[in-house]
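The letter at position 9 of the sequence shown is residue 8 when you use numbering that gives the first Met the number 0, and the numbering goes up by one with no holes.
No lab work stands behind these hints, which were simulated from the structure alone.
Idealized CB from N, CA, C, for every residue including glycine.
Check each hint, because a few of them may be wrong.
[Claimed, not checked] Across the chosen pairs, the derived CB separations fall in these ranges:
(1) Leu27 - Pro5: 16 to 24 Å
(2) Pro5 - His38: 18 to 26 Å
(3) Thr4 - Ala47: 35 to 43 Å
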Amino acid sequence: MEIQTPNLCVVEEVDGRVYAEYVREEILDPLGMERTTFHEADVAGDDAATGSSPRPGSSRGSSG
């Protein structure tokens with residue numbers, strides 16, 4: 000999943016790190032969230048839950 004929002008760009012511009020790196024170092028690691036990631040490939044084959052994306056033209060999730 001790729002995240003693109005104006006807020007993401009602000010964080011990157013002000014902090015100098017890419018958004019995922021900032022979130023990992025400043026939020027996830029301090030909270031001990033070792034299995035939370037932005038990259039689905041990092042948990043491939045694991046027992047992890049993944050997010051969903053809306054279908055084009057729909058306001059509902061991928062399940063319908």
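Quick rundown of the hints versus the structure:
1. Judged by the Cβ atoms, the range 16 to 24 Å given for Leu27 and Pro5 holds: they are separated by roughly 22 Å.
2. Evaluation of the 18 to 26 Å hint for Pro5 and His38 yields a pass: the beta carbon distance comes to about 22 Å.
3. Hint check: Thr4 to Ala47, Cβ distance near 24 Å, so the stated range 35 to 43 Å is violated.
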